[in-house]
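*Asks:* Sequences are here, hints too, so could you generate the full structure?
Number of protein chains: 2
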Amino acid sequence: MIEVVGIGPGQKGGRTLDAICALDAADVLVGYSGYIDLLRGEYPQKPRVTTGMRGEADRCREALRLSREGKRVALCCSGDAQVYGMASLLLELAGEDDDIRIVPGVTAALSAAALLGAPLSGDFAVISLSDLMTPWPVIERRLRAAGEGDFVIALYNPASKTRTGHLTRACAILEEHRERRTVCGWAKNIGREGETTRILTLGELESETLDMFTTVIVGNSATRLCFGRMLTPRGYRP
Amino acid sequence: MIEVVGIGPGQKGGRTLDAICALDAADVLVGYSGYIDLLRGEYPQKPRVTTGMRGEADRCREALRLSREGKRVALCCSGDAQVYGMASLLLELAGEDDDIRIVPGVTAALSAAALLGAPLSGDFAVISLSDLMTPWPVIERRLRAAGEGDFVIALYNPASKTRTGHLTRACAILEEHRERRTVCGWAKNIGREGETTRILTLGELESETLDMFTTVIVGNSATRLCFGRMLTPRGYRP
Numbered sequence: 001m002i003e004v005v006g007i008g009p010g011q012k013g014g015r016t017l018d019a020i021c022a023l024d025a026a027d028v029l030v031g032y033s034g035y036i037d038l039l040r041g042e043y044p045q046k047p048r049v050t051t052g053m054r055g056e057a058d059r060c061r062e063a064l065r066l067s068r069e070g071k072r073v074a075l076c077c078s079g080d081a082q083v084y085g086m087a088s089l090l091l092e093l094a095g096e097d098d099d100i101r102i103v104p105g106v107t108a109a110l111s112a113a114a115l116l117g118a119p120l121s122g123d124f125a126v127i128s129l130s131d132l133m134t135p136w137p138v139i140e141r142r143l144r145a146a147g148e149g150d151f152v153i154a155l156y157n158p159a160s161k162t163r164t165g166h167l168t169r170a171c172a173i174l175e176e177h178r179e180r181r182t183v184c185g186w187a188k189n190i191g192r193e194g195e196t197t198r199i200l201t202l203g204e205l206e207s208e209t210l211d212m213f214t215t216v217i218v219g220n221s222a223t224r225l226c227f228g229r230m231l232t233p234r235g236y237r238p
Numbered sequence: 001m002i003e004v005v006g007i008g009p010g011q012k013g014g015r016t017l018d019a020i021c022a023l024d025a026a027d028v029l030v031g032y033s034g035y036i037d038l039l040r041g042e043y044p045q046k047p048r049v050t051t052g053m054r055g056e057a058d059r060c061r062e063a064l065r066l067s068r069e070g071k072r073v074a075l076c077c078s079g080d081a082q083v084y085g086m087a088s089l090l091l092e093l094a095g096e097d098d099d100i101r102i103v104p105g106v107t108a109a110l111s112a113a114a115l116l117g118a119p120l121s122g123d124f125a126v127i128s129l130s131d132l133m134t135p136w137p138v139i140e141r142r143l144r145a146a147g148e149g150d151f152v153i154a155l156y157n158p159a160s161k162t163r164t165g166h167l168t169r170a171c172a173i174l175e176e177h178r179e180r181r182t183v184c185g186w187a188k189n190i191g192r193e194g195e196t197t198r199i200l201t202l203g204e205l206e207s208e209t210l211d212m213f214t215t216v217i218v219g220n221s222a223t224r225l226c227f228g229r230m231l232t233p234r235g236y237r238p
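So the protein lines, in turn, are chains A and B. Sequence positions in the first sequence follow my numbering and run 1 to 238. Sequence positions in the second sequence follow my numbering and run 1 to 238.
None of these hints come from the bench; they were simulated from the model. Be careful, since some hints might not be right.
[To be verified] Sample of chain B residues facing chain A (criterion: CB under 7 Å; computed from the structure):
#	residue
1	Q82
2	S88
3	A114
4	A222
[What the hints assert, rightly or not] Ranges between beta-carbon positions, derived for each pair:
#	chain 1	residue 1	chain 2	residue 2	range
5	B	G165	A	M133	33 to 39 Å
6	A	W136	B	E179	24 to 30 Å
7	A	R224	B	G70	29 to 35 Å
For glycine and all other residues, C-beta sits at the position ideal for the given N, C-alpha and C.
*Replies:* Rendered as structure tokens:
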């Protein structure tokens with residue numbers, strides 16, 4: 001049996017009880033080494049199979065092999081099990097008889113937003129700026145659409161060592177639809193050592209140097225500052 | 001102190017450890033009666049303040065009043081604390097000195113998607129079809145934009161007793177951009193008694209009778225069926 005476990009942003013507190021139970025019960029933890037390292041303190045004796053970045057298919061095949069041997073496997077994903085996680089690839093590679101359960105978790109859009117205030121109160125869109133698996137023109141089309149729809153937007157993977165300039169380009173596209181003074185924010189290393197947040201304008205975001213451990217929230221036309229926090233009103237107030 | 005707590009979809013297993021700790025430590029639970037009822041079994045003795053639907057501002061004011069008296073308050077929201085929850089209204093009504101912490105939770109898009117397969121693997125949009133707080137033309141604009149952007153879409157509040165026809169209209173708008181045979185699914189009463197799911201096409205969804213306890217996932221152009229589950233590939237596979 002394989003449980004694809006969303007382990008939340010980092011520390012145990014951000015994990016659901018179902019996720020904790022799945023990790024506790026697992027015979028072996030499988031995942032990207034960076035995420036499995038987050039669990040080392042809690043499960044020092046638990047067998048683990050790790051692969052580096054881009055080792056996604058190997059991770060899934062190994063999880064399937066172990067599961068078919070009768071092992072109970074926790075395939076671990078940061079945040080949620082699906083959102084830029086491993087659940088879909090595992091289902092693609094699995095057969096009809098493989099026993100697979102998806103255990104959802106708190107994705108970075110939600111944990112970042114909670115640190116920044118309450119920007120994600122209503123309709124929102126989630127877009128990754130990584131073009132490793134999605135062609136950049138598709139990403140641009142989605143940024144344009146999210147801008148047109150006045151969605152609050154959570155941007156994942158705003159940059160990496162080899163991928164710079166995407167955030168600047170994304171901001172330029174969003175500025176076709178919203179003002180440069182739109183309230184934005186980012187959160188880095190959420191629930192981990194070095195947790196940092198910043199609230200800034202869309203104009204300032206354009207030249208910000210971020211990394212792949214950062215999640216960006218771009219406000220919509222209604223988002224404003226409220227005592228130093230981002231706030232998108234829901235319109236409840238009479 | 002007020003903690004705005006996303007209690008997840010229903011049962012305790014879907015709740016984060018931070019959420020559980022906030023509920024455990026609270027002097028009083030405040031929230032919509034339907035959600036506070038979900039917690040009655042776990043906290044039978046805990047004082048509670050409940051209001052009916054649309055009592056959102058009253059709930060927040062009561063939470064603020066109790067907190068200013070020195071009580072530790074858990075303001076409880078289904079799913080996440082922000083997404084169609086109470087966090088933003090509370091921040092709007094609070095003063096600078098009120099001590100407020102947002103505790104994120106697993107929103108229905110993620111818990112519904114996990115039951116249906118792995119449809120939310122990449123970029124997605126979340127849209128509520130309730131026009132109680134958002135004018136219908138804004139909702140239509142967002143549906144169009146999400147269709148144009150080929151986002152997988154999670155629809156919240158597809159219908160209520162007084163609000164019928166919105167889902168049919170939404171499907172018609174989405175059909176301007178995607179085929180009637182697009183793979184969709186819905187999940188109802190997630191993590192609660194009467195949990196039900198169904199996978200169907202966009203054409204079939206159009207005439208489905210749903211309620212406000214149902215979350216709908218509309219696949220994008222890449223979403224397909226895989227052994228009876230919804231699957232949106234991420235493009236990892238060589």
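*Asks:* Tell me the hint numbers this structure goes against, listed in increasing order.
*Replies:* 4
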